[in-house]
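Each of the two chains sits in its own frame; use the hints to bring them together as a complex.
Protein chains in written order, with my numbering: chain A, 1 to 369; chain B, 1001 to 1126.
Take the hints with a grain of salt, since some may be wrong.
A partial selection of chain A residues facing chain B, derived with a Cβ cut-off under 8 Å [what the hints assert, rightly or not]: (1) 36; (2) 37; (3) 38; (4) 227; (5) 231; (6) 294; (7) 295; (8) 297; (9) 318; (10) 319; (11) 321.
Dumping the calculated DSS-like pairs for lysine-lysine here, alpha-carbon to alpha-carbon at most 30 Å [claimed, not checked]: (12) A:16 - B:1002; (13) B:1036 - A:7; (14) B:1002 - B:1036; (15) B:1091 - A:16; (16) A:16 - B:1036; (17) A:261 - A:139; (18) A:264 - A:358; (19) A:264 - A:368; (20) A:358 - A:368; (21) B:1036 - A:8; (22) A:139 - A:7; (23) A:350 - B:1101; (24) B:1091 - B:1002; (25) A:368 - A:325; (26) B:1091 - A:325; (27) B:1091 - A:350; (28) A:368 - A:261; (29) B:1036 - A:325; (30) A:350 - B:1036; (31) A:139 - A:264; (32) B:1101 - B:1048; (33) A:350 - B:1048; (34) B:1036 - B:1101; (35) B:1091 - B:1036.
Hint data in this document are derived by calculation from the structure and do not stem from the laboratory.
Cβ coordinates follow ideal geometry from the N, Cα and C atoms, glycine included.
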Amino acid sequence: MSAESLKKTALNAWHKAQGGQMVGFAGWELPVQYRGLAEEHLATRAAAGLFDISHMGQVRVDGPQALEFLQAITTNDVARLAPGRMQYSTLPAPDGGLIDDIIVSRLERGYFVVVNASNTPADLAWMREQAGRFEVSLKHLPRSMFALQGPKSQALLQPLTPLALDGLRYYALAPARVAGREALLSRSGYTGEDGFEICLEDEDALPVWEALMAAGMGQGLAPVGLGARNTLRLEMGYALYGHEIDRGTNPIEAGLGWVVKFDKGPFVGREAMQAMSQLGPQRRLVGFELVDRGVARDGYPVLDSASGAQVGRVTSGSPSPSTGKSVGLAYVPAALAAEGSLIHVEMRGKALAARVRKPPFTPSHVRKN
Amino acid sequence: MKFPADLKYTASHEWVRMEGGSALVGITEFAVHAIKDVVFLELPGAGKALQAGAPFGVVESVKAVFDLNSPVTGTVAEVNQRAAEDFELLKDPYGAGWLLKVSPAALGQGLMDAAAYEAHCAAEQH
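In isolation and in its complexed conformation, chain B is listed as follows (with noise of 0.2 Å):
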């Protein structure tokens, strides 16, 4: 499983990575991998405010609904409508599979580096 060195990571599975001002978020392999079968995927509009550690979207699995919770305070820029319509794309959750662009965005509390988010998940698994 990878952990991009280059990414935050929040404790409930989300990524961001910071371009300047602006933020490229998604969910990790590892939730990909928890989730197992997307079957929806709810996620803000263009122009909608998120507030980091706040929820901003919904991904169901056939047996559950998970919230997904924004590692940055600010605007959504773009959203990923191809990986909104075609859940094979978060196959490749940091590349074709992240989900929204933030811009202007600043990075919220308590995110994790990698090999932080690496312990997480090797805990969460027992």
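Isolated chain A (complex conformation) (with noise of 0.2 Å):
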């Protein structure tokens, strides 16, 4: 896709000035880094990093089967959510393999849905053919969102907005003023550190984005690019669509049972889930530490430690910065699934001894309430 094609977000200007690496993400120009991925990660988990995210999808459903609807299309029990709490969720296929994995908010009126960049047109397509046989409205907001994590990220945004933090809960939202402009603020995010999302409008993203920079300056806060948005989420073995979930994969096989909620009645793929939670997937998504020396990428094929067939392959790889190790996930058969599992990994022709690990890699540190 060539660059002028891209779309961009409200901070492009911005990114270019602080000299982020653009590449082009999902149809989206996006700082992949600015002054280093590992140094970028690295302040992520002892300070606090700001991330440009605004190229997720964000998606207003409305109306009075709302709920019905977000039931039959969802995989996780949304009459669970009180208002201004969140949940993970994933939107499945008929044949239960994945269209995406998505997080749904229940407002104080109606619903928000948060779904991937690289996903949006076709969530908007199903939920839109889905939404026919329901009494409800959808609406897609194009508009900016950013995420600040790390452990000082309260203590930065605190003095930024009259909402008492503290009392916001992991998995929580409220409208808030930010920097004196409308927001949507939850503690949520992709690194396995404390922090914020802040979804808000266009206008208003390169004042709120600098007002955050200038709280952070000298408090160790960085921009970061979507490298160390990666090798972040890598660590805590959360799954990236395209990677570890895809319209191939079913959320049993892939870790995601716990978001399956068979009891709270009929949902899309809900038969197919069924079937592969009674019978055991035969391949699960595991977490790797390579022994040998190297580096896994993704696509790289898993071998039979015994016999060097392969068996499985890597969805996701990466030296992690936070420990120095190597690591990745990868499917890899039920059997060799166990904790401490002696598997190897092919690369360039060379098979790397591995040992499947349960992630995370490094201590997460959300809020557990």
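Printed below as a string of structure tokens:
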């Protein structure tokens, strides 16, 4: 895709002025890094990082049957959501494959869904098709979104908002003014650190971003690109659509059974998921740590250690900036999924030994309540 | 950024210094700067035959894998094991961060002098 046809976030000029190395990602022009991936990763773990995630899709779901609609098209139990709470969920196809993974939030009135940038058009088309059966209205909100992540997030954000942040629980959200602008503020993220996500209008994006950067001056706050966003989530073992999950993966084998609630009633893909849940999946998504030196990358074959035959594939892999170890996620046969199992990963024709290890690869610091 | 005048350069950011019939090979400061976080370096063993223009190894950053292409045809005489284990040495890419001694060695085609390589790097940044 040429640079001209890429969509630009409201902060595009800021990223370029700050030395952001711009790349095309899911149809958007975004910084992959500014001063360096590892430096940005470690700044987020040690202090705080600020991410422009305006490429994420934001969808309002309203109407008298909004709950019934969301119950029917997602896997988690939306009826359990109190106003102001959020839940991780998936958007399945009838065969149990995944159209997307999403976050569903219940507002005071109506619902709010955040979807992956790469899937936004497909999600909207699917949701609109399914909406025909319900009294529901869908509205795509083209607006900005930031993530402020890291142990200093709350201290940096609190002076900029009248909302008492300590009272905002993990996976809770509230409307709040941030640096004088209207925003939707949540305690959530994709890094394994405490932190917040902020949804706001495009015209408010730059002033709020600059206020946050100013608040972090001298405090270790770094702007963070897509590169470290990926390594931070990988250290937690969080799935990334297009890698760990896609149209050909069922949430049960992907380790997402905890967001599939069979007791909530009928939903799209339920039968396929129930069948896999009862029989047990033939393959499972696992974390692994390389024993031999090397880097396992997305797509590398996973080999059976005894026979050398290919039995799986790496879905994401990287050196872990926090631990220095080389880690990854992979689909392996269920028999090799136990903690500590020896597997091999083929890197440029060489078989590297690895051990199955349950993520996170470095401790999570998200708030537990 | 330094572009030592006594070196020849490849478009893929390797350098070579000829010393008699032998060559010292490494990656350039521009490459080290662009890769930023080197996490893995794969080099051939002594005795391995190199072909000018062909890949001889791999350098990996957190994010990506880059082929190392040989500026010379010849045989690997010595590998800088210290650099292969301590990537900090790559911050001195024309000194302690050299990668291979090749002997005998013959320069490949299409190598650039320092001025041409500096212009090549300037063009790549845009």
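Q | Violating hint indices (sorted, rising) | A | none
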